[in-house]
Amino acid sequence: MSAPTIQSTKVNYLTALKDAIAEEFARDKDIVAMGEDIGLLGGAFGVTDGLQEKFGKDRVYDMPISEAAIVGVACGLCLNGKKAIVEMQFIDFISCGFDQIVNMTATYHYRTAGEVNIPMVIRGPAGAYGGGALYHSQMNEAWFAHSPGLKIVCPSNPYDAKGLMKAAIRDPNPVIFYEIKDLYRRRDIEMELPEEDYIVPLGKAKVVKEGEDITIVTYGQNVYHVLAAAENLEKEGYRAEVIDLRTIVPLDEETIIESLKKTNRLLVVNEAPKTCGVAGEVLARMTENAFQYLDAPPARITRMDTPVPWVKPLELYVLPSVEKITEAGLRICKF
Amino acid sequence: MSAPTIQSTKVNYLTALKDAIAEEFARDKDIVAMGEDIGLLGGAFGVTDGLQEKFGKDRVYDMPISEAAIVGVACGLCLNGKKAIVEMQFIDFISCGFDQIVNMTATYHYRTAGEVNIPMVIRGPAGAYGGGALYHSQMNEAWFAHSPGLKIVCPSNPYDAKGLMKAAIRDPNPVIFYEIKDLYRRRDIEMELPEEDYIVPLGKAKVVKEGEDITIVTYGQNVYHVLAAAENLEKEGYRAEVIDLRTIVPLDEETIIESLKKTNRLLVVNEAPKTCGVAGEVLARMTENAFQYLDAPPARITRMDTPVPWVKPLELYVLPSVEKITEAGLRICKF
Amino acid sequence: MATTAKADHQTGLNDEASKLPSAQLTKGDYEELLRQLYLARYFDVRLIKEKKRGRLRGTLYSSHNQEAILVGSLFGLQSEDWISPIHRDMPAFFLKDIRKDWNNDDRMGMTIQEVCAQVWGKATSPGRARDNWSHIGCQSKHIIHSTSMLAGTIPAAAGVVLADRLNGKNTIAMTFNGEGSTAQGVFHEAVNFAAVHKLPVVTIIENNQWAYGTPTNLEYPLEDFARRADGYGILGLIADGQDVVDVYDKVMQAVNHARSGKGPSIVECKTFRAYGHGDHDDDRAARYRPADEVEKGRERDPIAVMKKRMVEMGYMTADDAKNYAAEGKGASEVTDIDFPQQVVDYLSKGVEFAIKSPLPEAEEAAQWVFKEVE
Amino acid sequence: MATTAKADHQTGLNDEASKLPSAQLTKGDYEELLRQLYLARYFDVRLIKEKKRGRLRGTLYSSHNQEAILVGSLFGLQSEDWISPIHRDMPAFFLKDIRKDWNNDDRMGMTIQEVCAQVWGKATSPGRARDNWSHIGCQSKHIIHSTSMLAGTIPAAAGVVLADRLNGKNTIAMTFNGEGSTAQGVFHEAVNFAAVHKLPVVTIIENNQWAYGTPTNLEYPLEDFARRADGYGILGLIADGQDVVDVYDKVMQAVNHARSGKGPSIVECKTFRAYGHGDHDDDRAARYRPADEVEKGRERDPIAVMKKRMVEMGYMTADDAKNYAAEGKGASEVTDIDFPQQVVDYLSKGVEFAIKSPLPEAEEAAQWVFKEVE
Ligand SMILES: Cc1ncc(C[n+]2csc(CCOP(=O)(O)OP(=O)(O)O)c2C)c(N)n1
Ligand SMILES: Cc1ncc(C[n+]2csc(CCOP(=O)(O)OP(=O)(O)O)c2C)c(N)n1
Ligand SMILES: [Mg+2]
Ligand SMILES: [Mg+2]
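Chains as they are written, first to last, in the working numbering: chain R, 2 to 336; chain E, 2 to 336; chain A, 16 to 389; chain L, 16 to 389.
These aren't lab readings, by the way, just hints derived from the structure by calculation.
Among the hints, a few may not be true.
[Claimed, not checked] Below, simulated SDA-like cross-link-like pairs (lysine to any residue); rule was C-alpha separation at most 25 Å, straight line: (1) E:Lys30 - E:Lys11; (2) R:Lys30 - L:Glu389; (3) E:Lys263 - R:Glu289; (4) L:Lys184 - R:Phe56; (5) E:Lys335 - R:Leu295; (6) E:Lys262 - R:Phe56; (7) E:Lys313 - L:Glu378; (8) E:Lys58 - L:Val309; (9) E:Lys263 - R:Asp296; (10) E:Lys207 - A:Arg50; (11) R:Lys335 - R:Glu211; (12) E:Lys313 - L:Val366; (13) R:Lys58 - A:Glu387; (14) E:Lys313 - L:Val309.
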């Protein structure tokens, strides 16, 4: 991508996703979308707004409230030459289609020794901090990271959202795509995007801020908490390097290790529950593979091992915050 | 439990479980069991053999092939004063009842601010090494460890099986109980059990072999792989301390830390897929909380991030083995 | 037309049931039913207003135009019976067991204070506002807490009445569901199980013609969702969801059927969703739903239908019927004057309580993941 | 009695269908059907023997006594049609599209070599023996791979024919299911979806009266599982699962219905499970199933029923019918002599191939988790 032409207007996270999907739909007539209320309504948040109008009911399906069938039918479409983009109205409802994802879809390539591949994207609004309570706040990517055969993506900004969505759609494997709903319309992260077609390849993390004193690994909405905490650390004289994973599976260990070689300190931040979450996985891999670079005990800031409660003070209590991250960062830096 | 009387005959893992359930049934008339083929047949492996005959069809239900309803109905029973023991015919099928477990059952206590508790045990045959292929080999405890509100248990021998099952049944919370089917009838682990009622409390790991040079943490069938590897290490002059977690949630960090203070080296072995598994969680917690005791990079031996393939050489290739554990143990000891 | 009940669809209904349950209702019952319609409507309207004033968080799934289903279904239940309402059924939480005494806080239904405290997210609601608005409940009042996952409480409903049966109690469980939710796998598993064991589970389907932005013909191949009953050989009935008396009649037939050991049933109540799916959807709904469909769907306001009945039965004069003219008016058109004072007072009591109540302490968030082992 | 088909249960079946499809079958077709019955039976019997000799791993879910369902259902399919068999349907993998030419390895069905290689766990099976016995398939032959999770392929079946429809192809998808599996939520979700879109999905229910150790009355409240169709307003038919011609007739009506755009259907085939659930269960099955029930359920061997038909139609003499007397005999009683030589040879070819084939290399186990991005 050499010197891309720049559009005149800034685009929000939601529009970036919407454009990515619509552009891929135009590019490849074998792409089909399925989900609840994605056609006539255009999706609960509007990510598929206008898609059915433009591409017809044969390509955009308003599905019955049947998550297992939505995934399973999409799997059938994919094993017969189509590519399916599946919306979970909220990513929380993915639990209702769980078996069809982890046992039917994720393993198809493996159990057919490569004969079949399932180019499916399962996408949906995700994440806490918005007062969504237990069932409209989940980040449940670790369930799927633990289920071999699924790629997992979670962008934090419009550029990545568009580029990763395109890469996910073009990927021959099933991808679970976490859209952070609190970012959909966040004004201060709007960006000017290249006019040209581009992708952000899966499996590549991004250093979003350079620093020498501590590496903070995160993704999704927590990127912004971490950046704010990094400013706090700066005030105390510590320069944090902030890594946005962007893709959880496959995990870009190299970028983290490279950073640790420099900083020798690690903090991982993730809004999902702590036990067996992605933060722990990053910690474990780094301890296994970069132990020699660690000069201080690494740490995680995650959601407590609780559901996400509804009322604001309760919700914030269990989630990572700028304060908690700053505090942990300082502790590690001062070790 | 002071000086328990010893039964004259040895009991296998399956019988220990069966006896635990039957004894609890006799003790508490509010206990009900639900599952596929658990009544007339007595369960695919016979864990509930004779239970319906003895306690009647009002307490032991042959359910339709409906995992979601099995869990959900059991949840209803529990919220109205009963205690439910639910069988998944193979733990692999738990994915079909996933939503009812993680969203309905696990959170009930939390979202009612303590008004309701769900004393349910979900149990079933689990684990690989037996040629069960993708859907009769799973250890999927990490999905549930990542879902707040569930306790998770996995015994490795008849004594623990019986004591943990009783503790699980008496626990006021939902417990997922992994029975290692390859151990059900394994002769060389049969044990004489106390005649008296006893429990093994949830949340307490056990040091099954003492040593000074490395701590190897594991549970389930892997305990035996680790013990064999420990013998290999011994031949090389390294004495391994082997910890059988027994309970995954809550995790007994103290016992591991105590051991690490002595050995300063850590290896975690678990047959589930690596990414976001329990082995990684143990590693992460120890790195966070016992970093100062670690003199070498800790490591995991887990299943590769693949499904469990069917044919023997393939199956063994992806799973932890005595060889792989020995090799990793030596590497760490020699670091 | 959607809101017009078709000829009864009955599978296996006992002939003896031909004497309609409503034949037993007194003038006082009719008056109470009407009052409850007002109460349900007022609750909705008041919350819409409160929300517009910025005093509330969360989404409001209006039950406007669908109140006859809640009122008529709950009216004949016994105190110990179980219910499981969902997002569009907020009034059900306090309408349960209200018949005899609105002001008895010990009855087997939630108090208006508790419900309002929940809406306002206060510590004085039974779940201490840990889950949002609609997912409330109360074990001691025999109200099952739903998750967000639609149809997800039907298995639990089967479970609670199975437990009661085992203990020699003859309760029934009534679950409320949108017609769209019947496509969920767990609906099938639970109804099938209840049918096998003839469990007293009455499944109310509120067919309001839309599941969010999806019309019924994309949810189910048949027009009458009651026909789902046929696949299980259980009783399936259709009620005019605008007519509280018809709802009462059909639901009571199902309840009697259940109570007498004949098993589960499905009662489809035909109605129409007055607004958007939730209040956030009002504008968009106007785009995806043809205006004439909406007009037609709202043309038989349940309050008006009930007044007409009462006038016909001589329980009310035509002049009296003009009082409290809430019927046919949107939330922004009505004022307190359109409702009986008792209704306004009742709800105000709840709202005031809620506003005065404290928020839960932040630290509570870490509590009650597990129950402590004694 | 269970294995006797009741009067047809038909929902919405077109009257024109009264001309039975089997009226078109020739003497040659009858002979082929009988040969296929022998082939299916011999496959089962041979595997039981091989397993007893210790040459096989895995569980054998015998299709003994149920062969008419597989043979009769598959006989009228077109090459491009999709199928999705499960644990008890092993012969379906090679019976698909076999009608014209058993020995054409390029037909749209798996070769006997491929199937046997899978049973023996060899690298020469299409999935290289990564999943066990029954969960095989072949995309290029239009056979969907099941997981173990029962009813789990019905959504995929709907998906593949939807894709074909979008591409202007008029294929149908036929899924095979035990009667017990119809209690799964995903069964409901998938059939409901197929019904909404009138997708050509034919759901065969093999009602063998037992789901493992659970009798049908604990699985479903009605005797006829075809009545599940009523809940979706789709075609529901009942066939005598012991009679390959009746199966063919009912399934072809469903197939024609689907092919002509009228949508999905359920065809229940009444039969009886001859042995235990799997070979590991034979002994226990003898305890949980009354002996007289088993005797009665096995009394109409599909081979005998077909021979009787052929004799009546003059396609076979009564004397000829005494040849190849496999009917009514258990696996331990028959020998190769009870089967046509062509059948024995055909299968032997597969078995020999399998035995000679290599195991997959251990390292393969790490491969194909993901498809490489080009
Ligand atoms: C399992 C699940 N999937 C999706 C949703 C999102 N959702 C909430 S309400 C709704 C529409 C419900 O329609 P219907 O059942 O007809 O009830 P109504 O809102 O019309 O009263 C949807 C799709 C959900 N809550 N649960
Ligand atoms: C979702 C799921 N739950 C449980 C099982 C375990 N299981 C395998 S076969 C079987 C019984 C199936 O009965 P039915 O559908 O009648 O088929 P049949 O074996 O009688 O042909 C069960 C319970 C499974 N495979 N999948
Ligand atoms: Mg609706
Ligand atoms: Mg069966």
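Checked hints:
For the hint pairing Lys30 of chain E with Lys11 of chain E, the CA-to-CA distance comes to about 28 Å; that exceeds 25 Å, so the pair is violated. For the given pair, Lys30 of chain R sits about 20 Å from Glu389 of chain L by alpha-carbon distance, which is consistent with the 25 Å threshold. Distance restraint check for Lys263 of chain E and Glu289 of chain R: the Cα-Cα separation of roughly 20 Å lies within the 25 Å cut-off, and the hinted pair is therefore satisfied. Proposed proximity of Lys184 of chain L and Phe56 of chain R is supported: the alpha carbons are some 20 Å apart, at most 25 Å.
Between Lys335 of chain E and Leu295 of chain R the CA atoms are separated by roughly 20 Å; this keeps the pair inside 25 Å, and the hint holds. Taken as a hint, the Lys262 of chain E and Phe56 of chain R pair is broken in the structure, with Cα atoms around 64 Å apart against an allowance of 25 Å. Straight-line distance between C-alpha atoms of Lys313 of chain E and Glu378 of chain L comes to about 12 Å, which keeps the hinted pair within the 25 Å bound. Our distance criterion of 25 Å between C-alpha atoms is met by Lys58 of chain E and Val309 of chain L, whose separation comes to about 23 Å.
Of the supplied pair hints, the one linking Lys263 of chain E and Asp296 of chain R holds, its CA atoms being roughly 21 Å apart against a limit of 25 Å. For the suggested pair Lys207 of chain E and Arg50 of chain A, the alpha carbons sit about 64 Å apart, so the restraint of at most 25 Å is broken. Only pairs whose Cα atoms come within 25 Å are accepted, and Lys335 of chain R paired with Glu211 of chain R is accepted, the gap being roughly 19 Å. For the hint pairing Lys313 of chain E with Val366 of chain L, the CA-to-CA distance comes to about 20 Å; that is within 25 Å, so the pair holds.
Under the criterion of a C-alpha separation no larger than 25 Å, the hint pairing Lys58 of chain R with Glu387 of chain A is inconsistent with the structure, at around 53 Å. Distance check on the hinted pair: Lys313 of chain E and Val309 of chain L sit about 36 Å apart at the alpha-carbon level, beyond 25 Å; violated.
Checked against the numbered hints given earlier, this structure breaks hints 1, 6, 10, 13, 14; the rest are met.
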